[in-house]
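Undergrad: Taken in sequence, the protein lines are chains A and B.
Counting with this note's numbering, you get residues 1 to 275 for the letters of the first sequence.
Counting with this note's numbering, you get residues 1001 to 1369 for the letters of the second sequence.
Treat each hint with caution, since some may be false.
To be verified - Straight-line Cα separation of at most 27 Å, DSSO-like style, residue types lysine-lysine; simulated pairs:
(1) B:1181 - A:222
(2) A:222 - B:1221
(3) B:1221 - A:135
(4) A:222 - B:1284
(5) B:1222 - A:128
(6) B:1344 - B:1222
(7) B:1222 - A:52
(8) A:217 - B:1344
(9) A:222 - B:1265
(10) B:1221 - A:55
(11) A:135 - B:1181
(12) B:1166 - B:1146
(13) A:222 - B:1201
(14) B:1067 - B:1284
(15) B:1222 - A:135
For the record, the hints were derived by calculation from the structure and aren't laboratory data.
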Amino acid sequence: MKKKSFGNRFVASPYIVWSVIFIVVPLVIMLYFALTDTNGVFTLENLANIGKYKKAFGISILYAAVATVITLLLAYPMAYFMTKLKISSQRMLMLIVMLPMWMNFLIRTYSWITILANTGLINTFLQKLGLSPVKLMYTPGAVILGMVYDFIPYMILPIYSVMSKLDKSLLEAAEDLGSNSLTKFRRVILPLTRPGIISGITMVFVPSVSTFYISQKLGGNKTMLVGDAIEYLFNLGPDYYNVASAISLILMILILICLFVMNRFSDDEDGGVII
Amino acid sequence: MKKIAALVIAVCVILLSFFLSGFEGYEYADLSLRAEYSKEYEGTSLTVYNWGEYISDGTEDSLDVNKEFEKLTGIKINYLTFESNETMYSQVKNGGVNYDIVIPSDYMIQRLLKEDMLREIDTSALSNYDLIADDYKNIYFDPENKYTVPYNVGMVGVIYNGAHIKDIEHSWSVLWDKKYKDMVLNFNNPRDAFMTAQILKGYDLNSENKAEWDSAAKLLKKGKPNLQAYVMDEVYGKMETGEASIAPYYAGDYLTMVETNPDLKFFYPEEGTNIFVDSVCILKNSKNYEAALMYINFLLEPQIATANAEYIGYASPNTAVIENENYCYYQNEILYPNEEDMPKVQYYHNIDDEIRRYYENLWIDVKLD
Chain A
1 MKKKSFGNRF VASPYIVWSV IFIVVPLVIM LYFALTDTNG VFTLENLANI
51 GKYKKAFGIS ILYAAVATVI TLLLAYPMAY FMTKLKISSQ RMLMLIVMLP
101 MWMNFLIRTY SWITILANTG LINTFLQKLG LSPVKLMYTP GAVILGMVYD
151 FIPYMILPIY SVMSKLDKSL LEAAEDLGSN SLTKFRRVIL PLTRPGIISG
201 ITMVFVPSVS TFYISQKLGG NKTMLVGDAI EYLFNLGPDY YNVASAISLI
251 LMILILICLF VMNRFSDDED GGVII
Chain B
1001 MKKIAALVIA VCVILLSFFL SGFEGYEYAD LSLRAEYSKE YEGTSLTVYN
1051 WGEYISDGTE DSLDVNKEFE KLTGIKINYL TFESNETMYS QVKNGGVNYD
1101 IVIPSDYMIQ RLLKEDMLRE IDTSALSNYD LIADDYKNIY FDPENKYTVP
1151 YNVGMVGVIY NGAHIKDIEH SWSVLWDKKY KDMVLNFNNP RDAFMTAQIL
1201 KGYDLNSENK AEWDSAAKLL KKGKPNLQAY VMDEVYGKME TGEASIAPYY
1251 AGDYLTMVET NPDLKFFYPE EGTNIFVDSV CILKNSKNYE AALMYINFLL
1301 EPQIATANAE YIGYASPNTA VIENENYCYY QNEILYPNEE DMPKVQYYHN
1351 IDDEIRRYYE NLWIDVKLD
């Protein structure tokens, strides 16, 4: 094993300092708050009272799971389709996929209000056609749509990157050996792109399950996801920091469990696995 | 070369737009003042902490109250704003800034007084104090008028869209009426949301009876399927565009909304409603007491108070404003209802910490339900 030179360490040090201050220290503070009461005395009460929020956890996990499945179903064929195009078109499409990510996600979410609202684009159009308006906003569907729209690039990118490196000769070999297209997909393409899928699922599910704001704006503030509950409690003031930290801690543990389970599926091989 | 030219043009455009927007000069108004203002405290400064959008600030050809005061007295005003009484409280209590003047609401003033954070105001030194209407003197939080000078008054009512709803019962029960499913908004803060249910149930808004809070929470949960959304500032957009049809909100804000959408109507529910008074206070640790008195006296000047009342749109406790025929809300029946149209009103009081935590937790239950 190569010994790290002083130069290497020196170059890495700004980021190490950064991550200690802004990642490790906050985690320790969160842990401290989660395990103490308002007077700073050790207690497990915050964690014991988490049951009250089980519905928020349930809805968050459900919405995030549905959103992840939808993004996967949309992104996989999209990524496949992109790899079939000539390089310049691939670049163009990549740009289109990336473009929304250059905008703040709050603005992207807000723009859906003008589309989905009762007085929004879709309903105005329906009324012009003489049809009756449909309730699109303030529904679970709107919240899930918001998640899908905001996070779909994170699904397309890793799948596309794995798929574009797929060795064409393997596909030809499968055909030569008599596979029909279904078998070819099931036995060759799917297993080889699995690292991309796993990484995409992680990158969509994790931010979806902890998201806030989307449900506030598109769901009318009526369903509280875990992220909303945490935000709301912190806004209520110092009395609620402990409970909010406990919820954050549980959420983090749940996410880590998910990541651990996902990584079991990924064969520990090369490819786009992030964590 | 072309690139450099493009860059130069871009920089010019940016600079020009700055000049057109930000650096437009303010033209001082001709002031006709009741009191005399000396330059005795020239060079000193005052830190004023007020609600956002709660003073006439020179935009849209209004009068810039702070600039006028600075010109008149040479006292520099550091003007800072807050979004809720609670933020104001934590800033004043723990923040590093030394505030001189704050303008919080009734129940928060009660709390500041309880914690001995306010300094007595010598009203005899305020030559314009006689302009305050008697109705707004001796209010519960300051029964002897020793610590506060009323600034603005407001009541909560129900705004509805006359184009969507022809006849409406003047009651809080409309928020629960199945007829209006998905058309109704409610406050996204616990105290005001609970108020709508408490008044409908006939409870005291400052009840210390947990069972009453429980039953109000139950009522709020029951109304949730009827509701389109819980909102605060978004109420403007949603009511003005007709996205929602019924929303409880502050009367003064209704007057702003109706300018955009003339279909909007307003009523005070017959069961009663919440009234609030925001008053000017001087903090105990103020280092410039005399200048602060001068500023408060200036706020009471008929011309200044009228500019503020027109800009903010809330009711003024200043008789020079109320009786001014040129005031744009002169005898406005929503801001200044006649005695027979005046709803039954209740103030918020500072609630004991235990009860406050109790209802905040109930509110979380309502939101989680």
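Undergrad: Checking against the hints above, which ones are violated?
TA: 4, 5, 8, 12
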